[in-house]
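2 protein chains.
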Amino acid sequence: MSKKWVYMFSEGDASMRNLLGGKGANLAEMTKLGLPIPQGFTVTTEACTDYYDQGKTISEEIKGQIEDALKVVEEINNKKFGDNNNPLLVSVRSGARASMPGMMDTILNLGLNDVAVEGFAAGTGNPRFAYDSYRRFIQMFSDVVMGISKSKFERVLDEIKEQKGVKLDTELDADDLKEVVVKFKALYKEDMGKDFPQDPKEQLMEAVTAVFRSWDNPRAIVYRRMNDIPGDWGTAVNVQTMVFGNMGDTSGTGVAFTRNPATGENGIFGEYLINAQGEDVVAGIRTPQPITKLEEDMPEVYKQFMEIASKLENHYRDMQDMEFTIENGKLYFLQTRNGKRTAAAALKIAVDLVDEGMLTEKEAVMKVEPKQLDQLLHPNFDAAALKAAKVVAKGLAASPGAAAGRVYFTAEDAKEAGARGERVVLVRLETSPEDIEGMAASEGILTVRGGMTSHAAVVARGMGTCCVSGCGEITVNEEEKYFTVAGQKIVEGEYISIDGSTGNVYLEDIKTVKPEISGNFARFMGWADAARRLKVRANGDNPRDVKNAVEFGAEGIGLCRTEHMFFEEARIPIVRKMILSKTEEERRKYLDQLLPMQKGDFKGMYESLGGRPMTVRLLDPPLHEFLPSHEEDIRTLAAEMGVSYEELAATVASLHEFNPMMGHRGCRLAVTYPEIAEMQARAIMEAAVEVSQEKGYEIVPEIMIPLVGEVKELAYVKGIVVETANKVLEEKNAKMEYKVGTMIEIPRAALTADEIAKEAEFFSFGTNDLTQMTFGFSRDDAGKFLDSYYEKKIYEFDPFAKLDQTGVGQLVQMAAEKGRKTRPDIKLGICGEHGGDPSSIEFCHKVGLNYVSCSPFRVPVARLAAAQAAINQK
Amino acid sequence: MSKKWVYMFSEGDASMRNLLGGKGANLAEMTKLGLPIPQGFTVTTEACTDYYDQGKTISEEIKGQIEDALKVVEEINNKKFGDNNNPLLVSVRSGARASMPGMMDTILNLGLNDVAVEGFAAGTGNPRFAYDSYRRFIQMFSDVVMGISKSKFERVLDEIKEQKGVKLDTELDADDLKEVVVKFKALYKEDMGKDFPQDPKEQLMEAVTAVFRSWDNPRAIVYRRMNDIPGDWGTAVNVQTMVFGNMGDTSGTGVAFTRNPATGENGIFGEYLINAQGEDVVAGIRTPQPITKLEEDMPEVYKQFMEIASKLENHYRDMQDMEFTIENGKLYFLQTRNGKRTAAAALKIAVDLVDEGMLTEKEAVMKVEPKQLDQLLHPNFDAAALKAAKVVAKGLAASPGAAAGRVYFTAEDAKEAGARGERVVLVRLETSPEDIEGMAASEGILTVRGGMTSHAAVVARGMGTCCVSGCGEITVNEEEKYFTVAGQKIVEGEYISIDGSTGNVYLEDIKTVKPEISGNFARFMGWADAARRLKVRANGDNPRDVKNAVEFGAEGIGLCRTEHMFFEEARIPIVRKMILSKTEEERRKYLDQLLPMQKGDFKGMYESLGGRPMTVRLLDPPLHEFLPSHEEDIRTLAAEMGVSYEELAATVASLHEFNPMMGHRGCRLAVTYPEIAEMQARAIMEAAVEVSQEKGYEIVPEIMIPLVGEVKELAYVKGIVVETANKVLEEKNAKMEYKVGTMIEIPRAALTADEIAKEAEFFSFGTNDLTQMTFGFSRDDAGKFLDSYYEKKIYEFDPFAKLDQTGVGQLVQMAAEKGRKTRPDIKLGICGEHGGDPSSIEFCHKVGLNYVSCSPFRVPVARLAAAQAAINQK
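Heads up: the sequence lines are chains F and C, in that order.
In this text, residue positions in the first sequence follow full-length UniProt numbering: the first is 1, and each later residue adds one.
In this text, residue positions in the second sequence follow full-length UniProt numbering: the first is 1, and each later residue adds one.
Hints listed in this document are in silico derivations from the structure and should not be mistaken for laboratory results.
Just so you know, same-sequence chains aren't split out, so a pair can sit in one copy or run between any two.
Calculated pairs, BS3-like style, for lysine-lysine (alpha carbon to alpha carbon, straight line, at most 30 Å):
1) 582 to 793
2) 818 to 802
3) 846 to 758
4) 818 to 846
5) 758 to 784
Looking at chain F on its own, in the form it has when it is part of the complex:
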């Protein structure tokens, strides 16, 4: 029943990534390729999950296998752990399936103790080096394994430097460092109540445990959530013979990329330091040399390095990010992996690799992370300017891009400032539909409340405007027009900058740069389009959105939210009067005034679409969202409507709901006020017929009835729509096919999709609401507890950002199957926020939807994700 928990590097290969982690698999692969790799072994990711399953203990079986592997390493190196003459030292590093740089812990120089350090000094002939290594090990082990703060050790070191009257660590000699070691051990004993462990095996087991434990440290959890990495993957642990780049002038260490990770340019790119360890390169005390300089310093080593780099790139068929060390003139590779790169570099590398014959087009499509494309579509901060800037607060990265401008606190002020030509950042507690014009006039939007799917976030993404939401660290006083953060007060008109891709907030005017889209983009996206089966539409509510969407490659509009048209300044008073009408007759009067406006919008959209399809959703939100809440506004409206303030205020109050999200909205409005649906159906059909006649486009209007939970309610509203549509066609003496369908956004609709498909000609999954109802929490309120849920590892990701395939996905799949059973040619799409999320898109591909619809700026992301899903499935 025993299982293999530990693999020597010589026992694995690159295909074993899930078991050995990325780093372990690549070390094994490089060993197999015969490259110079300090040997060692990998404790598997399964051992990590076993550690957690066993209540955070490493089983005896695993411990035994680690000890056995260690013996093999000793034999290979002909060194012994803890030997008093030339002892074996190892590094212990994490290595998960997916790269998580800096998230988990590393321990170097493990194996040193009071005896071994002497042997090490003798073996290397360098006592200073040996004691420096030992004191570094004590510090690292204490910090990483035992949780003793690093700064305590730094303080001891500083004291000794002061005593000796020196400034740099390097100015301390071997004896000084011996003293440091003594003091470090004393510090350890004081804190831990026991001696620093002298048994290297004990050190090793503790270190492995620490790496396993670090899988669940808070920054790793956050990183995983941001990068869709499941918590049950676990991390592997790599135990590797130490090599030293700091043994003199024929030693060194460095990192290099086979191509430029910023531009993608083909050519080695990297840097190294003579006589240094890896951490020195990072620390930035000495300035590293460009890698090409190595050719002068050590021509033979350089030649060997370049050969191996080229071999690795050819082998992995991707740009490589490599770490290496030169120990006394001998080159070792410590790591290789596919290098992280900017979006522009990713495109160039993908296209170049195809041109170089290294990849097929489909393979190239897999080389770019869909979410990265965002970088190409939004302004970013100038890299140099950003480096100097200080983050004062962090909110949610709600809509990508960077923005800098003067702060304003009301939509009205933002609008006016925008009209004056100012760059504006709108700062609000939260936004509401009334703010829409002010939002459109702003470079960026910052809100205190609200999550990734709050009004601000959704609208900003739709507009392609940068947005940081839910930034609870700032306190806004909208009335007195200032906000405070970190003890500072920022008043109207002062400059701030926000980064919607990271959530960072800065109190300064940081330079932004517009992205340049190269020819590589079009070529690359062409390959993606050729590979995908899913169509990609955009959500858009007006002709401007449609133009954006089409430019980004949308094949139609998947969701036109008609209510967004209702908020425009000229319209909202009529909308309000319509809502507050006491009789159908009165309501029809105001609807008649709205008809030409809605129709005009639809005509504009149909014109911009040039024959591409568009799904228009009938009025959806609860009516009170359109109503004024301030006394003053109600008084004005009452005067206009010729009723008393008291009466109107009472009517407004009567529309209050306990749970508006689950109240009188969606098709429920059309059931109680059929005349609203009638007006909207007429506006859509008249617009479609007129544009079709004027422009010759072939239009098949798709009219969508929202919030259906029961087939009879769909049938009722559909009856009104069909009757109206046919009347319009008759009046205009026109023939036109049109489709009536529904959103699937209520669990009961999914459960009874076979019935609903009898009436619905298409389904569009409204996964925002479906997620809310299926989980039983509203996205506006979930902020109060979701952080606790992430912290306690109950949820690993935000189900509003990434589709919950286990629960919500079950309903989507069920509805798709039931729908197709009743109506085999039913058209299926998704129009929730998930329509722009790559992992959700992959799910949509798998369950066989026809299209996804997302905000215009996400369309390229969706096109690429759809392509990757199709390629993955094969």
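Starting from the known structure of chain F, fit chain C onto it as the hints suggest.
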């Protein structure tokens, strides 16, 4: 492909109820028994649904079959339709599967026209009778078939009576009635723009159509909803040869029951009128004779009648409700059916029929409508006093029983008046948890807002207190302490009466009577208990509830809502301080104060339960429900807590939620504040252990974690509960089994029930919330549109009162199956409002739940419904 749409009475029998309707099937059965039945035929219920499927038209095939059947009736009677000598006349009556008295339409004397009336006059030798029949037919046909108001005809009749100087219709002679007929036909022509139809076949088709159409009239829709009759059943139409009880002193008509429908006493009970038609018995102009008087008037007929009545009761093995007519000394039966009866009568009849050897005990169990038992458990109005009372408004029949008392408008006032010994009716806009003590002090509760599952309704049912909710016809001014209705103003202290079984409101002090429970009840319920498989528990939150529940036969508590204990006067300030605590330490301080109180309640409940099981739910509602909303209360609390008003007000405001039902509640509270769950688990376990030690009861506490949607959140909270429970057992040095389970009330919990069952030892279906989430509407807000939904036949019943088996039921079944797959011995129950609804209980039985839990006063209903479900399934 032709189908049989029409059955002669001689072609059917009692088993064909679904196809022929109740009346049609019984007429066929009586024909088969050789009883004297005027012959005719039945158009099937399928023809009715076909009529609706074909867009409200009767197909040619059906019309043809009707005409063929008519020919057979002509042959049987040797009369011809529209004959100028002794023509055939028929009645046209509806007859659905379930009896719906008075809901649909009837037409008598069909077949008369200008020619036939003469033949009829000649044939009967009674021209006055013939013309009276004709004018009645014109009036009835015009009203029922054509929708011309009856009152127009009454006005014409009144004019003629005035001209003739007479007062009664009977004083008009044949010539007068001829004139009436002429004027009626003129009126018809004026209204319809065409002549009154002379073709009897046309009359018949129109009449059949009218009956089909009446299936969907508003009162029928309401009746069906109240009586759980599906809208797709349709009604059959019975066309029957007319017989006349108004042909002289050897004619007559009457209705009779084989046993007394009010008391159940065995013996004929009924009344009749000599020389009259059925409508005259109802009209009340002449006083009918008791049926026994018939023995004197017509001994032969009486003897025959009694023989047939006895034969029918023996045949149907149930008390019969019969209609009969005597035409010229010849007895005809027009209808028989199982008679409606009071609850007391139902019990007596069921028990007597067993004692008489006519029924087995199981058969007897099927003879009582479960909902009827309500009558036996609550006060009712004195029948005579009620007759004289005037209904001034109608709300929802939210909690059964009758109440009369002085009105009070605040819980405080109600409590004080109750303490003074007054009978109190509490009148509120809506109730909230703070009103609970005032509600307990009241005889009845009347609210303006809120549905069948509003706070007032749920709490009142739990207390067994009469409640009328959602009575929008009254306007309450709580501050000035009065309400107005129908133009009248009722101030504090005035008497009103309300009927929670009908929703009626009266402005007077109507005498109420307490129900008497006879020995029949216990005997009958014993048979029910023997027949059922489902256990029946009650929902209860305190020792008083438990006592009630046990008295009503509950086998345990299925849901103890711990939050209800939080609202008591002495506790709420501590609860508030606990909620508003800034630190865990502070919160624990207040929790420590609450612990002994909760524990005391649990001890009281465990003592009353005497070893029966109890499921205790951890804190569920959103926290702001406990908080004060008035400035004054916040100020008081702030002073007590030693914080500023502003600070406390801000904290209270920060707990505001957009959609509280989908907010920070249920197990989400335990995830963010584990110390609350800890305190509650401790209170439950300490209480259980102490009662078990003191009383020797064997207690297995069942701790229920609410609102779970994801197994990991259950695992987390369960971890806290288990740790605490084990600690208590250790402290008390006790051994006790306990179970931890969850509510299934969120769709995702049902969808992932296989995962959840890994942690949950029991499931309790919280179908209130599950219905809300599955339908996507909150019960508090649905009132705004549900009426439109009923009106437009989108919903046929209130899904909060009767479980929606199509949608919500699918989730329940799925969860039951998945749960059992993971954990075969998982205990499954339901604790939503549906646990007391008979049709929902039948569903619970079918999907194999272990128990249902309902309010204490519904326990007998649930026991009977569970028995009937078990018997039905066999």
